[in-house]
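Visitor: All chains, please: the whole structure from these sequences, using the hints.
Top line first, the protein sequences correspond to chains A and B.
Position 453, counted from 1, in the first sequence is what the numbering used here calls 439; the numbers after and before it change by one each time, with no gaps.
Position 111, counted from 1, in the second sequence is what the numbering used here calls 121; the numbers after and before it change by one each time, with no gaps.
For the record, the hints were derived by calculation from the structure and aren't laboratory data.
Among the hints, a few may not be true.
[What the hints assert, rightly or not] Now the in silico label distances, taken between C-beta atoms and shown as ranges: (1) A:T334 <-> B:K204: 30 to 40 Å; (2) B:P38 <-> A:T334: 35 to 45 Å; (3) A:R448 <-> B:V176: 23 to 33 Å; (4) B:R14 <-> A:R325: 52 to 62 Å; (5) B:K204 <-> A:R263: 55 to 65 Å; (6) B:L15 <-> A:L464: 55 to 65 Å; (7) A:H405 <-> B:P35: 36 to 46 Å; (8) A:A345 <-> B:V176: 48 to 58 Å; (9) B:K204 <-> A:L464: 35 to 45 Å; (10) B:R14 <-> A:D466: 57 to 67 Å; (11) A:S341 <-> B:A150: 27 to 37 Å; (12) B:V176 <-> A:D415: 30 to 40 Å.
[Said to hold, decoys possible] Chain A regions said to be covered by chain B (calculated; three or more residues, Cβ under 8 Å): (13) 378 to 391; (14) 503 to 515.
Don't be surprised by glycine CBs; every beta carbon is placed ideally from N, CA and C.
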Amino acid sequence: MHTPSKIIRRSACVGQTGDLFAPQPVPTPSVVSARSVIRESCWFALSFPALAAVALPIDPAPPTVVVAAMQREASVWAVNASAARSGISAGMPLSVAELKVDSLQVVMRDERRERQALLQRADWATRWTSWVSVQPPDALLLEVRGSLSLFGGLERLQQQLLADFLVQGDSPQWSVAPTALAALWLARARPSTVVESMEALRSVLAVMPLAAIQWPEAVLSTCHRWGVRTLGELRRLPRDGVQRRLGVTVFHELEAAYGERPSLRRRWVAPARFSARVDLPDPCETTHQLLPSMQTLLRQLEDCLRVRAAAVSVVRFTLIHRGQTSTQLSLGRSLPAWRVEDWVPLLTERLTRLSLPAAVEALMLCSSTRVTQVPDSGTLAGHGVSTVVSVAQASLLLDRLRARLGQHAVHGLCEVAEHRPEHAYRCVDSQTLLSQPAPAMGVRLSPQAVSRPLWLLHTPSRLSQIAGRPCYGGRLVLSDGPERIESGWWDGKAIARDYYRAHNPQGLQLWVFRTRAESQPQWFLHGLFG
Amino acid sequence: MKARLDALLAATRVWRSVVDPVVTPHVPTGWPTLDAALGSVGWPLGSLIELLLPAAGAGELSLLLPALKTLTDTRELTTKRWLVCIAPPHVVYPPALLQAGIATEHLLLVDATAVNDRLWAIEQALRSGSCLAVLAWLDAVDDRWLRRIKRAAVDSTALVVLCRSVAQQTQPSPASLRLVLRPTPHGLDLHVIKRKALGAIWIRDVLSG
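Guide: So this is what it looks like as structure tokens:
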């Protein structure tokens, strides 16, 4: 009841100070004019015409064409670089292409690989902008308005981006336009066009031939019958008629390209787990031949993680054999890691001990979920070893030992506040081991008045007796004791023992006990003071 | 006369058979009689030490305990360093370590049954540069492996101790310090059978003090 009146009073008070500070009307969530929003954007479209050829695991050197279907009248879907140099282009009949080059390699299109290759490029593109949209089959749309000042303007951004893709072995077609669809059309039909304002876009689109747009054949033939060749001519026709005759989809696309209708695009978000696959050119028989390809995959993982300042703690290789059987190889780090060098020591350790049941044809790498990683900031003036570095070294040793000896062969120990000696310690997992400083575990008992042995036997070993006296390499001489420990009735592991310190004729200092429960007392060795 | 001697010794032309104790890092053993036998400095760090035992648990941990405490107490506080125990014969009992003042958070235990795995683990621990001390329990080992471990030890700054059976006493070893342990009702007798630049020596009743 009080809160609303308080707000009203305060707003009235603000109102008195003058119009400048008058309370603004609360902006209602209304549809903002599509025109004004789109004018703000700067869409960078990238089209990869050779993607269908590049995505396939084939030798890139000989002239190669990709076809969508193996028919006699098939037309070329995509070409690789050397085929393009021979004058073959996409859309050409296959028979014509075969006339141009003697030994033309013809392969089928693989849409799964194409999609994967495109997603890989989308992932790569996220280093230029966070807003990337995947446009199958072969294009990406990047909204770069927010990145312009960071990279020093559109021209610099474009140069760096293309140089970056060139390093990857790609030479995409590109265009820049204020609307996404126009940028995409321009990238495919008139590459390397930069349109920065809506006015310029309208004049560029006006002369754009309809044939360059991937509209359905029926739409294009209808326009052809009307005598309409360019977008400008189509726009001059009455709108309702165009919408009725060409369909709503085409009409909406037209409006979206001109920025008169907001076009919704799905933003690409990298999956939380990295996953990649590489097909080996030749089947590998031995494990050390696998290492370079595995490193390539790990390098991709590193690239993916570095741009996101992230790390993963488990990676899993799947070695795919002929006949679809597979071998799994998991590598774990106790601290999340991202660099190739973090994994290679563990990987080589595992590979040397791995025997392959069959030749390996392909490799897959999957990671666990990414976690954000704060990079090490180093120490001031290189003095000493920083905490992060020393923990990283310590964890590497732990992980390396585990890679060879097994997960449970390497562990820490800590004390447990418990009277029964065999329950007064437990193994510690790696997270706790590496935490700095180690948290106190349980309640720390005050140091016992009676000293404990440095060595505890895993299980107490029964001692033989001579005339009721325990023997271990000779008759024992009891020195300290007894210390009576009687506990554990609540969990079914009750003990009732009298502990003594003893030494044998060889001088070994022993920790022995006598059971009290039985009518005939037994002597056991439980520890060594050595 | 002394000044002239000092000048002569300071010149690099003169090689001294007794290694300057300041040059190589050491950690005090905590046992005055043993320290005296080891050139008044203690256990050498970054070199191979062999303890030869009549049986596992004959006093090797008690002997090393003061040095381990010194190492964990004087390490750089912000760094993470391990006390690695490779193939210990029994459970290294945390309550006893706490009584001795050693925090268990440094303790790293490695279970390895195969000798090759143990040796490999020792080498990895030494090469990692993240260990305060490496204690390993071994028996008959190929001499080449021991040399390999010695090289790794020299490159590290850790306390490197191999605990082996007293039966290995007659076997040659590249270790720079070899001690035979002989437990007695009063403590521990030590027979230093090999030490740098000095001869063998018997030390009686070390742990009794």
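Visitor: Take the hints in turn and mark each one as holding or not.
Guide: How the hints compare with the structure:
1. Checked against the hint of 30 to 40 Å, the pair T334 (chain A) and K204 (chain B) passes, with Cβ atoms roughly 36 Å apart.
2. A beta carbon spacing of about 40 Å between P38 (chain B) and T334 (chain A) agrees with the range 35 to 45 Å that was offered as a hint.
3. Taking the beta carbon of each, R448 (chain A) and V176 (chain B) are about 26 Å apart, inside 23 to 33 Å as hinted.
4. Between R14 (chain B) and R325 (chain A) the beta carbon distance is about 58 Å. The supplied range of 52 to 62 Å therefore holds.
5. Taking 55 to 65 Å as the suggested C-beta distance range, the pair K204 (chain B) and R263 (chain A) conforms, at roughly 58 Å.
6. At roughly 58 Å, the beta carbons of L15 (chain B) and L464 (chain A) sit within the given window of 55 to 65 Å.
7. Distance hint check for H405 (chain A) and P35 (chain B): the Cβ-Cβ separation is about 41 Å, which falls inside the suggested range of 36 to 46 Å.
8. In this structure, A345 (chain A) and V176 (chain B) meet the distance hint of 48 to 58 Å, their C-beta atoms being roughly 52 Å apart.
9. Between K204 (chain B) and L464 (chain A) the Cβ separation comes to about 37 Å, which falls inside the hinted range of 35 to 45 Å.
10. In this structure the supplied range 57 to 67 Å holds for R14 (chain B) paired with D466 (chain A), their Cβ-Cβ distance being about 60 Å.
11. S341 (chain A) and A150 (chain B) have their C-beta atoms about 29 Å apart, which keeps the hinted 27 to 37 Å range intact.
12. Between V176 (chain B) and D415 (chain A), the C-beta spacing of about 37 Å keeps the proposed range 30 to 40 Å intact.
13. Given a C-beta distance limit of less than 8 Å, the hint that chain B covers the region 378 to 391 of chain A holds, as 9 residues qualify and 3 suffice.
14. With 3 residues having a Cβ less than 8 Å from any Cβ of chain B, the region 503 to 515 of chain A passes the three-residue criterion, so the hint holds.
When held up to the earlier numbered hints, the structure conflicts with none and fits them all.
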